[in-house]
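J.: Here's the letter readout for the chains.
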Amino acid sequence: MILRHTRLAGYSFVLPALVLMFVILLVPVLVAAVLSFTDYSLGNSTADWLAWKNYEKIFTRSSYQKMLWASALYVLIVVPVSIALGLAAALAIHSLRFGGNLYKTIYFLPVMAALLAMAIVWETALHPTIGIVNRSLEAGCGGWVETFFSWGWIPGVDPESSWYASSCQEGFPLWLGEKRYALATICFIGIWQAFGFNMVLYLAGLTGIPRELIHAAAMDGARSGWQRFRLVTWPMLGPTTVFVVTITAIRSFQVFDTVEALTEGGPSKTTYVMMYAIYEKAVEQNLMGMGSAITIVFLMLVMVMTALQRYMVERRVHYS
Amino acid sequence: MNTGTYSTTGELAKHAMLILGALIVILPFYVMVSFSLKSPQEIGTHAGGFFGSQQAFLDQYCVKLGNPEADCWRNPAAYNYGNAFKKAPLLRYLLNGVIVTVSIFVIQVLIALPCAYALAKLRFWGRELVFGLVLFCLLIPVHAIALPLYIMLANVGLTNTYAALVIPWTISVFGIFLMRQFFKTVPDDLIDAARMDGMSEFGIVWKVMLPCAIPALMAFAIFSVVAHWNDYFWPRVVLTGSRDLYTPPLGLREFQGGLDGADTGPLMATATVIVIPLLVAFLLAQRKFIEGITLSGMK
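In the order they appear, the protein sequences are chains A and B.
No gaps in the numbering here: position 129 of the first sequence is 129 in this note's numbering, and each next residue is one more.
No gaps in the numbering here: position 256 of the second sequence is 256 in this note's numbering, and each next residue is one more.
Please keep in mind that the hints were generated in silico from the structure rather than gathered at the bench.
Possibly wrong hints are sitting among the right ones.
Claimed, not checked - Short, incomplete list of chain A residues facing chain B, as computed with Cβ under 10 Å:
id : residue
1  : Ile-132
2  : Val-302
3  : Met-303
Ideal Cβ positions, reconstructed from N, Cα and C, are used throughout, including at glycine.
Isolated chain A (complex conformation) (with noise of 0.2 Å):
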């Protein structure tokens, strides 16, 4: 009696659950994936079939071009900065003798703030007139902070040929206004937003790793750090590696506060994101099936890189 009682329990349990995955998140796909074909936009009660069409343009037109490109270009760049930062942060903070905690703190308060809010901070901080970095950048000229970073003092480097005496000439760039620094500008943002969750997980994987590893590694002969780390650390945290780097990448493929804020997609469409590329087909010009079709391509991407981790992780993938 129990036991029927309780299968009826679990249908009815489960049953809100279900109606909503179904609802919100795979007939979104169904729905999207259809109108990709079409043409259709909002107010329209119908629209004409394109077949391929929406696809053909996103990997031919050079607009569409400009966008994947500009989106790995983010990604290539983001996970492995941000990566690297977040590990040598956490390798050094795991290894201080005091203040560790101090400074995990500080670098995880970015991770909390609201990305808009930084990127609205950022864009005041790098302003050309008000802004503290460039007025910063420009206090340093003249003095031994342009000798310096002019690099005149490593033989054979022409110094007046250096980007910092060069842009204390002709004075210090729009960082989000240029086509050369913009993206990187919003990569910059990304990773200093980023680098700290990084952190958090690989400090939780290096208490994982016994002492006595470490030891018998250094019984054995791994006398350096470096030894060390590439024998026991790296290999030990291969599993945190593999979270840490589609986590970042999944996220980083859908920046979109940043670049909406600072750049909408300019200058000449360097920063044109493709989330920013769905907002601004579908919401702004009302492109549903050309906005449907980047998120199809776009979520093929996220998809294969989830799955790409589980089988990773299941497979439990040391690296070596």
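The hints should help you fit chain B onto chain A, whose structure is shown.
T.: What follows is chain B alone, placed relative to chain A:
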């Protein structure tokens, strides 16, 4: 580490690098709070250090409106924070933020907890199938399907409502997964004892399982609230009309968009008001927050 001799130079070098990093990390927070306390002149000339001189300044806008100069002297900090709340309905935005994040979390729990209990402890045909579906849905980031969701909501006339802000997040497959793993560790005897006492399955979920799950639930609450308080993308997509429904990040963006350049102080004050509550909560309960935010690390 105990291996090798302990080196003071190494320790100092690490501190030097970490301090340099910390300065870069803190820089925007410094700019934000400092500018929110300064007068426009001090912002323009970088005078006054961190706190500004806090000397009264003449509000040009007030003079232009034809008021006598004597009535237009303002204290910078009071001016910035006052304008943050006056020029835009910041209080309304904050209230919206609270309404939306709290509703999302409550509904997520109402849906996820019974489902997680059923998947962990009840036997019925199709259970593994449902769990498989949960695992599959974990692959779909909601932001990625924002567009079809928006189209669906627009077709039933739900854009520009609180419902639109909440609905996509009502189902947290991650929450289901997390709570199921947690419920697996609750001993069956506890549940059997409750059944013996005549408690219904519904009662067991809320009176036996929920109290057991408080620590996991707290972590999930932090995860959920931080994500949705800070979320900008979804509100941006689904709110196209009135500012009455704006969440804090959207309100800040609106403020920035309508800026004539002289209002950096109030803008930074708005940013401070939006960012500080979570930062303070984080500083007070760091361990809990780090646990909650890195929850997704447990997948």
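J.: A separate judgement is required for each hint: does it hold in the structure or not?
T.: Quick rundown of the hints versus the structure:
no. : hint    : verdict
1   : Ile-132 : holds (6 Å)
2   : Val-302 : holds (6 Å)
3   : Met-303 : holds (5 Å)
Violation of the numbered hints given earlier is absent; every hint is satisfied by the structure.
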